[in-house]
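Use these hints to put chain B onto chain A, whose structure you have.
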Amino acid sequence: MKKNLLKNSGVQSLIASLVCIVLGMIIGYVVLLFINPAGAGEAIMTVIKNFFTYSKTETQMKYLGSTLVKSAPLLMCSLSILFAYKVGLFNIGAAGQYCAGVGLALYAALGWNLPWWVCILCAMAAGALLGAISGLLKAYCNVNEVISGIMLNWITLYLVNMLLTLVKEETSPYTYHISTVNPAALIPSLGLGKLFTNNQYVTIAIPLAMIVAVLVWIVLDKTRFGYELKATGNNKNAAKYCGMAEKRNIILTLIIGGALAGFGAALLYLTGFEQWQCSTSSVPAMGFNGIAAAFLGGLHPVGAILSSFFIQHITVGGAYVDKTMYCAQISDLISAIIIYLCGFVLFMKHAMNTGIARREEKAKAKLAAAEEKGGDQ
Amino acid sequence: MVLLLQYTLTFASVLILVALGGCIAEHSGVINLGLEGIMVMGAMGGALTMRYLPADVPNVVMILGVLLISALVGLIYSALLAVASINFKADQTIVGTALNMLGLAAATVIVKAINTAADPDDVSSVVQYATPKKAFLVDLGGFEFSWFMLVTFIALVLVWVMLYKTRFGLRLMACGEHPQAADSVGINVYKMRWAGVLISGALGGLGGIVFITAGVSEWRFEYGVAGFGFLSLAVMIFGQWKPLRIALAALLFGLFRALSNVYMGFEGLASLNLPSQVYNMMPYIISLVVLAFTSKRSRAPKAEGIPYDKGQR
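Going down the list, the sequences are from chains A and B.
The first sequence begins at 1 in the working numbering and counts up one residue at a time.
The second sequence begins at 1001 in the working numbering and counts up one residue at a time.
Here chain A stands alone, though its shape is the one from the complex:
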């Protein structure tokens, strides 16, 4: 019997994600219509086009590069959430782990003058430490990781503000430029920037992030360790009964998740693309957007690469909308709607499966009826 393509869970995820994106865009468009019908069509096209709004290919390449630079940390945050989710944990603390990564990466670069790869390791350690706290609390004190994650997000934000105030410019709330204080802390470009019309911020951070995504995929799907983690996620008690150290697995998962988020922070801030504002009053949105990217990517590392780029694409695109009519947050609104719709993915898959099952049953019944007829003759 021919295998139905729709039965493939990967294809189903893809369809579900596309449905979420299209619906999210339509709802976003309706919201724009409500605010100001005159420019709604143009605004939604601007969000979708992002760097294509520039006419020259060179400029397009340059801003494609900038979108990629910001996609790398988003990919890491989404991997952090995806990894933990496979083990049944919702790592909303990724936002704080990312924040901690920013703090340590920048302090290692500006305060201690360390080379870039050590800065990255520092950032990963900071994220991992936060993850470990959440994990220990979850494993030994039964504290819901979502709530402990949120508390740690805010604590981290204030700590990072305090830490980075030590390396900030005297006249502004921003940290020093890495390129002037310690150029050795900048992630090397190895000529990648030339491909994007000399965009100096395009570095090996982007390929690194993609390699890590593939690594995460291999660890989760092809190793014993990944199998154990997923088993713990599916049924903690069954995993314990089979002799898996379920507490250790929970803690390790959140440590790895934290390290991934911290790594992502280093990948962005060590390019010099952004400086930290020491009076930041809310946790960076990168970690929360990671949730959108993880679920939109169908909780698959390769899917996450595509969805991270897409989310970052529309977020950057939002900055180009006509400010006299709309605000840049329209992209945040669209990505929030997309995550909300991702909650329905399970239902969509269920509907697809029952639809297929019903059709198959009908086909079978027809076949059986035909055979019976054949028997009579």
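No wet-lab data here; the hints were simulated from the structure.
The structure presented is a predicted model; accordingly, all values stated were derived computationally and were not measured.
Check before you lean on any hint, since a few could be wrong.
What the hints assert, rightly or not - Chain B is faced by these chain A residues, among others (derived, beta-carbon under 10 angstroms):
(1) L23
(2) F90
(3) I92
(4) L137
(5) Y140
(6) V143
(7) L157
(8) N161
(9) S281
(10) S282
(11) T324
(12) D332
(13) A336
(14) I337
(15) V345
(16) L346
To be verified - List of simulated lysine-lysine pairs, PhoX-like, C-alpha gap at most 25 angstroms:
(17) B:K1310 / A:K349
(18) A:K247 / A:K230
(19) B:K1302 / A:K240
(20) A:K7 / B:K1089
(21) A:K86 / A:K247
(22) A:K236 / B:K1302
(23) B:K1165 / A:K230
(24) B:K1165 / B:K1242
(25) A:K247 / B:K1302
(26) A:K240 / B:K1296
(27) A:K236 / B:K1089
(28) A:K7 / A:K86
(29) B:K1296 / A:K236
(30) B:K1310 / B:K1242
(31) A:K86 / B:K1242
(32) B:K1089 / A:K349
What the hints assert, rightly or not - Sample of chain B residues with no beta-carbon within 12 angstroms of chain A, all distances over it, derived:
(33) P1058
(34) G1065
(35) S1124
(36) L1140
(37) V1151
(38) H1178
(39) I1187
(40) W1194
Here a beta-carbon is modelled for each residue, glycine too, at the ideal position from N, C-alpha and C.
Relative to chain A, chain B alone:
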């Protein structure tokens, strides 16, 4: 000292209202992680009401109008959680998180759109309500009593009576403990859960308006509510899902939050010369420590977070 008491009671009011909301939703069997977003939406509704009600309306109208609109906006917004998690059996954690992000983005977009429409040069997300806010305050010899405190007290009593003394409340709690058993004796679990989520939405919306009027007379909606929705959930867990204990827990957390507003007034604390950020961190640190000690023997409703499926045993 009076100021400390005043701020403690104000922040405790926020925490009590929102934590009671979370508590009712969880007793019905739905974890409401979207309280943060619900607070933002309710706050937006209330703030815009304050701005657009004519300044000469009687205080009573102003107070009731703001309370009503905030609760209503919160209630309507929480329907998004109810429909996804009850009817479509969606993952409550994802939907709750989505509601938080959506609430923040939607409030920012809406307020900015209104501001820009009123004045093309105004692209901020600020709503000011210095004058209408006075309707809510009564000066009692230095202590600024706010009608919100009374509302909170009434809500607390009502929720307690509802949960423990009425048929509706007891049935609601049955749906969070063992929905199959509740269904078998003829209780409509879906309806009860809808009721639980909607009530929590109304209370969350009220909490939002109390939060943004605490000590300030304008609000920038990009800021959200600084994790208060989640702090309230911590208060709820510390209060073991019981209204009176929740109230006591909220007072404790409120005290620590209030300290960051008024620590400069205490010579002992001011002379320590700690950066203000240390005080900002306090409520979150305290809640982590408290959770670490209380979560182990938690008395959470047994069926919370599990979508109810009629066909399942």
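Hint check results:
1. L23: 13 angstroms, violated
2. F90: Hint on F90 (chain A): holds, closest Cβ of chain B at ~5 angstroms, below 10 angstroms.
3. I92: 6 angstroms, holds
4. L137: 6 angstroms, holds
5. Y140: 8 angstroms, holds
6. V143: 5 angstroms, holds
7. L157: At 9 angstroms from the nearest chain B Cβ, L157 (chain A) passes the 10 angstroms test, so the hint holds.
8. N161: Cβ of N161 (chain A) sits 6 angstroms from chain B, so the hint holds.
9. S281: 6 angstroms, holds
10. S282: 6 angstroms, holds
11. T324: 6 angstroms, holds
12. D332: At about 4 angstroms, which falls below the 10 angstroms cut-off, the nearest Cβ of chain B leaves the hint on D332 (chain A) intact, so it holds.
13. A336: 4 angstroms, holds
14. I337: With Cβ-Cβ at 6 angstroms, under 10 angstroms, it holds.
15. V345: At about 8 angstroms, which falls below the 10 angstroms cut-off, the nearest Cβ of chain B leaves the hint on V345 (chain A) intact, so it holds.
16. L346: Constraint on L346 (chain A) satisfied, holds at 7 angstroms.
17. B:K1310 / A:K349: Measuring from Cα to Cα gives roughly 19 angstroms; hence the hint holds.
18. A:K247 / A:K230: Judged against 25 angstroms, a Cα distance of about 13 angstroms means the pair holds.
19. B:K1302 / A:K240: 22 angstroms, holds
20. A:K7 / B:K1089: 21 angstroms, holds
21. A:K86 / A:K247: 15 angstroms, holds
22. A:K236 / B:K1302: Given pair K236 (chain A), K1302 (chain B) holds - Cα atoms ~17 angstroms apart, limit 25 angstroms.
23. B:K1165 / A:K230: Outside the cut-off at roughly 44 angstroms; violated.
24. B:K1165 / B:K1242: With Cα atoms ~14 angstroms apart, K1165 (chain B) and K1242 (chain B) stay inside 25 angstroms; holds.
25. A:K247 / B:K1302: 22 angstroms, holds
26. A:K240 / B:K1296: 19 angstroms, holds
27. A:K236 / B:K1089: The hint holds at about 22 angstroms.
28. A:K7 / A:K86: Distance ~22 angstroms between K7 (chain A) and K86 (chain A) Cα, so the pair holds.
29. B:K1296 / A:K236: At roughly 17 angstroms apart (the allowed maximum being 25 angstroms), K236 (chain A) and K1296 (chain B) satisfy the hint.
30. B:K1310 / B:K1242: Violated. K1310 (chain B) to K1242 (chain B) sits at ~28 angstroms, over the 25 angstroms cutoff.
31. A:K86 / B:K1242: 33 angstroms, violated
32. B:K1089 / A:K349: Judged against 25 angstroms, a Cα distance of about 13 angstroms means the pair holds.
33. P1058: 33 angstroms, holds
34. G1065: 24 angstroms, holds
35. S1124: For S1124 (chain B), whose nearest Cβ neighbour in chain A is about 10 angstroms away, the distance does not exceed 12 angstroms, so it is violated.
36. L1140: 32 angstroms, holds
37. V1151: 26 angstroms, holds
38. H1178: H1178 (chain B) clear of chain A: closest Cβ-Cβ about 20 angstroms, beyond 12 angstroms.
39. I1187: The claim holds: I1187 (chain B) sits with its nearest Cβ about 24 angstroms from chain A, beyond 12 angstroms.
40. W1194: 17 angstroms, holds
Hints 1, 23, 30, 31 and 35 from the earlier list are contradicted by this structure; the remaining hints agree with it.
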